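Q: Following the hints, put chain B in place on chain A, whose structure we already have.
Number of protein chains: 2
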Amino acid sequence: MRVLILGGDGFCGWPTALHLSAVGHEVAIVDNLSRRNIDNELEVTSLTPIAPMSTRLAAWEAHTGVAIPFHRFDVATQYHRLLGLLSEFHPDAVVHFAEQRSAPYSMKSSAHKRYTVANNLNATNSLLAAIVEAGLDVHVVHLGTMGVYGYGTAGMKIPEGYLRVKVETDDGDVVEQEILYPPNPGSIYHLTKTQDQLLFAYYAKNDEIRVTDLHQGIVWGTQTPETSLDERLVNRFDYDGDYGTVLNRFLMQAAVGHPLTVHGTGGQTRAFIHIRDTVRCIQLAIESPPARGERVRILNQMTETHRVQDLAKLVSSLTGAEIAYVDNPRNEAAENELFVENRQLLDLGLEPITLAEGLLAEVSDIAQRYRDRCDLEKIPARSLWRAGTGPGVAALG
Amino acid sequence: MRVLILGGDGFCGWPTALHLSAVGHEVAIVDNLSRRNIDNELEVTSLTPIAPMSTRLAAWEAHTGVAIPFHRFDVATQYHRLLGLLSEFHPDAVVHFAEQRSAPYSMKSSAHKRYTVANNLNATNSLLAAIVEAGLDVHVVHLGTMGVYGYGTAGMKIPEGYLRVKVETDDGDVVEQEILYPPNPGSIYHLTKTQDQLLFAYYAKNDEIRVTDLHQGIVWGTQTPETSLDERLVNRFDYDGDYGTVLNRFLMQAAVGHPLTVHGTGGQTRAFIHIRDTVRCIQLAIESPPARGERVRILNQMTETHRVQDLAKLVSSLTGAEIAYVDNPRNEAAENELFVENRQLLDLGLEPITLAEGLLAEVSDIAQRYRDRCDLEKIPARSLWRAGTGPGVAALG
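From first to last, the protein sequence lines stand for chains A and B.
Each residue of the first sequence is one higher than the last, beginning at 1486 in our numbering.
Each residue of the second sequence is one higher than the last, beginning at 1486 in our numbering.
These are calculated hints, taken from the structure and not from any lab test.
Given the structure is predicted, the values throughout are model-derived calculations rather than measurements.
Simulated coverage check for chain A against chain B, where a stretch passes if three residues somewhere in it have a Cβ under 8 Å from a Cβ of chain B:
| no. | stretch |
| --- | --- |
| 1 | 1593-1601 |
| 2 | 1615-1628 |
| 3 | 1664-1671 |
| 4 | 1679-1689 |
| 5 | 1858-1872 |
EDC-like cross-link-like pairs, simulated, lysine to aspartate or glutamate; straight-line CA separation at most 16 Å:
| no. | chain 1 | residue 1 | chain 2 | residue 2 |
| --- | --- | --- | --- | --- |
| 6 | A | Lys1651 | B | Glu1663 |
| 7 | A | Lys1642 | B | Glu1653 |
| 8 | A | Lys1642 | B | Asp1655 |
| 9 | B | Lys1642 | A | Asp1655 |
Per label pair, the in silico range of CB-to-CB distance:
| no. | chain 1 | residue 1 | chain 2 | residue 2 | range |
| --- | --- | --- | --- | --- | --- |
| 10 | A | Leu1518 | B | Ser1572 | 34 to 42 Å |
| 11 | A | Gly1657 | B | Ser1773 | 27 to 35 Å |
| 12 | A | Glu1693 | B | Ser1773 | 38 to 46 Å |
| 13 | A | Ser1572 | B | Glu1820 | 32 to 40 Å |
Even glycine gets a Cβ: it sits at the ideal position worked out from N, Cα and C.
If we strip away everything but chain A, and leave its shape as in the complex, we get (with noise of 0.2 Å):
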């Protein structure tokens, strides 16, 4: 299949562009290079030494004699480079990454809630409307987030995107539908995940593009079969305040003798998908698509789950790091259940990899090997979700 990866120089665009490569599909990479660009910003860097992309692609030919051709323009702002490369390139598949993903980046200040909403709605429906421009019958498989559902069920399965539902009419007879999950996103970032769900139900209504939307949990892992096959290929690792994920900033914390920053209580429960399986299952969802005039099929793209705490300690028993419980930044209940529903990937074909695997020693080695490049200040998170509230960074020092 010819599939176009919108975002694929990204934490997961790229294994993804490799991985898709590497079993046979023809890939192209569009990024507006936007995530290096925060990086400028924030005056961080990734963990791990990741090569300019020219030096990338270069390399992947270098070892399969594949090329990924590579179009350097932004999905939200530059819609005729995207209707021109759609209807030249043909995809059969577009993966859709170019969304800013970072919850807490999109709290920091008013400007960065505006960038985001602007970035990911307007990239989301240019995409959309291309699409339809073009005359195509394109899949479109975008990254959506568990965050789209909330947290804290009262102790029901969260189902995969659609909520089957009881209305009593005015009559007293009782209607029963299957309606989208109740939003109740935790961040402006979550929140346009929750609206690309509308903007998705309306084009696979009315023009009968077919979606698929992946709603993923938080990923840990770095590195993939084909980005550990050269230095010049490895992926990037966030470690820091804003980009940086739990788990991931545990083991990095560990490496570098940091306390581990959990907080609030650690009471959050989180669902948990480990990079490896996020390129499997974004290859699933490809290979299998939706027929064309159904509605958008939704997947919860997660493997396990687990209380913020139990990592911490599971973290520290293996390391010996110290816990440091620390402010919680984010305007959420303290504590929550969390039960997913993920059976769709799993008919698809997914063997999840679990914590219990192992590959906790892949991030250890990765963090320990690059523990020179980090910058400690940057660990902290910054961001407030509200005016007067705020996290225990003083307390860090």
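A: Frame of chain A, contents of chain B only:
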């Protein structure tokens, strides 16, 4: 109260500004004149000869002694103008009309879809982000649409924004909860209003912004007591296929001897409200704001429902005009029932103006008076909801 009207030059915004000024509020207007500019693009003008903004405001001041300041900028893109104005004017309420409001216009082309999404969502988000950044406690009153609900709800009365549902849990218990009514938008324009709802819900939850969302029916009528004071204050009257709304279009078609163009069977039932009730509803909403921290207050701003074919027959019987059934450009059900709850505005004191009350004559008088300004070529609806479907433009020449 100090009230800032975003979009105060438009069909609803202008009479709202005058009405709120007349009842004693301190009003200021923001507008980028986008509606007049779209007239230029569509090569059409308001049937009524609307005066330039400075002439309008000079006439209002001449009649009442009250000056209404006017700020010409784009809420969606000129954030710092908006932030500065909020900080300086310190409004108690902001009435947000600053959105592209035509469903057919939003479907004309990819460019129109992208403009509508970018304008409407960035305007709403900028307003909310600016209120947070300015640290103000402002009541946002937003013009939503009955179209967020979709049409055809199995005979059920549409509630005001929230739906009580029952969900069966995994262990067979039944949990009851109230959710935002599951949206079912019929155009890109309507879609943006369903996405606005998620913005409002998020900022109401995270930042305790007070929001009232008025889900308005189709507005009919032209003039209010204030816009009737002086011809320089006359309200706009849209009769074209994009911005003209059904009842006003019928009355105007009758006035110029054009057949009444009914799309499809005319079996669609729609909710209506007179422009004089619109401005009173907004006054009622402003004068009883929700408490800080309360969820978004959603009111259905409509007073009666009618089947389109019945309206055509009514106008035909009053005027002798013929009825022409043409293809429906919209991707929608041919026939639907519609029952709507509107208790909250009635409880606040609204005394509805109904079709029966002779105000049809006001619209007919306006249409007769300015019939020479009509361009018959602009009457047919020419937007296509989907490639390959089309309105019966040819049939009408």
